[in-house]
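**Student:** Sequence:
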Amino acid sequence: MNFMEIVIEEALKAQDNNEVPIGAVLVHRSGEIISKAYNLIQSSHDPTSHAEIVAIRLASKKLKTSRLVDCDLFVTMEPCLMCAGAISNARIRRIYFGAYASKRIDVGVSDIMKYYSSNECNHAPEIYGGILEIECSKLIKSYFGTKR
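For what it's worth, the numbering used here labels the leading residue of the sequence shown as 1, then goes sequentially.
Just so you know, not all the hints are guaranteed correct.
The calculated PhoX-like cross-link candidates involving lysine-lysine, where the alpha carbons are at most 20 Å apart (straight line), are [claimed, not checked]:
(1) K141 / K13
(2) K13 / K138
(3) K147 / K13
Honestly, the hints are just simulated from the structure, not real lab data.
Using the sequences and the accompanying hints, generate a full structural model.
**Tutor:** Written as structure tokens, this is what we have:
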């Protein structure tokens, strides 16, 4: 099983708990999974409990460091700006994501790309999007389709 398939499993856990189906996995460059997480916003009553933030917190605690320089983040959806800031501060090496969050992606520059290229950003990870995009997009669209 590849890391994006594990991320989708995490997203399904979120969906089962009435959360937006976003999953995240932090992987050390050696290939070891350091942490797995999914959105916990509703259940924790914490608007910062995005899957990416939860995964970063778990990994930082496990590795006893705030710098995850040898880690890559896999996530079902392109991170939001809050998560982009946390990823930058954690010095994560690479982001791999499935679904694009911005409808403006066809213009060429998403919000996180603007942030990572700005002077306010301390560290910009490599970014690879569109991995299992169809599966990740269907998961998110299906969830919101049931809420309307």
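**Student:** It remains to establish, for every hint, whether it holds in the given structure.
**Tutor:** Structure-based check of all given hints:
no.	hint	verdict
1	K141 / K13	holds, 16 Å
2	K13 / K138	holds, 15 Å
3	K147 / K13	holds, 17 Å
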